[in-house]
Amino acid sequence: MLQYAIKIALTATLIVAIAEISKRHSGFAALIAALPVTSLMAFVWLYADTGRAEAVAELSGQIVWLVIPSLVLFITLPVLIRWGWGFWPSLLTACGLTSAAYLVLLPLLRRLGVML
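All residue numbers for the sequence shown refer to our numbering, where the first residue is 457 and numbers rise by one.
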């Protein structure tokens, strides 16, 4: 139970830190958010829990492919906001488009044997 509490505390701290830093230095906050810190933490937790480096390698390989549809969010959100859309409609639309990109890519990756 303590291990889960530590995982939650570290993860929450990272997210809050990025949000707080972005109030003063959006570029630095973006750099921190862009770093694969979440993935690195997931790798460490997975390895600590299982001791299986192969599981970490599999997770890492699958993350690479899922970055592609994630880019839709980071491209469409600023574009929609700059076009004068409000924050919430922009965010919802960007999330919807990102979800659609996942729905298109996941079956393709499964067919190619990349994803399970």
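Since the hints were derived computationally from the structure, they do not count as laboratory data. It is possible that some hints are incorrect.
[Said to hold, decoys possible] DEER-style ranges, computed between Cβ atoms:
no., residue 1, residue 2, range
1, 495, 569, 21 to 31 Å
2, 543, 490, 17 to 27 Å
3, 523, 474, 12 to 22 Å
4, 509, 545, 20 to 30 Å
Quick caveat, the model's predicted, so the values are computed rather than measured. Note that beta-carbon positions come from the ideal geometry of N, C-alpha and C, so glycine has one too.
Verification of the hints:
1. For residue 495 and residue 569, the Cβ-Cβ distance of about 22 Å falls inside the hinted range of 21 to 31 Å, so the restraint holds.
2. Our hint of 17 to 27 Å for residue 543 and residue 490 holds, since their Cβ atoms are close to 20 Å apart.
3. Here the CB-CB span from residue 523 to residue 474 is close to 18 Å, well matched to the stated 12 to 22 Å.
4. For the hinted restraint 20 to 30 Å between residue 509 and residue 545, the CB-CB distance of approximately 44 Å leaves it violated.
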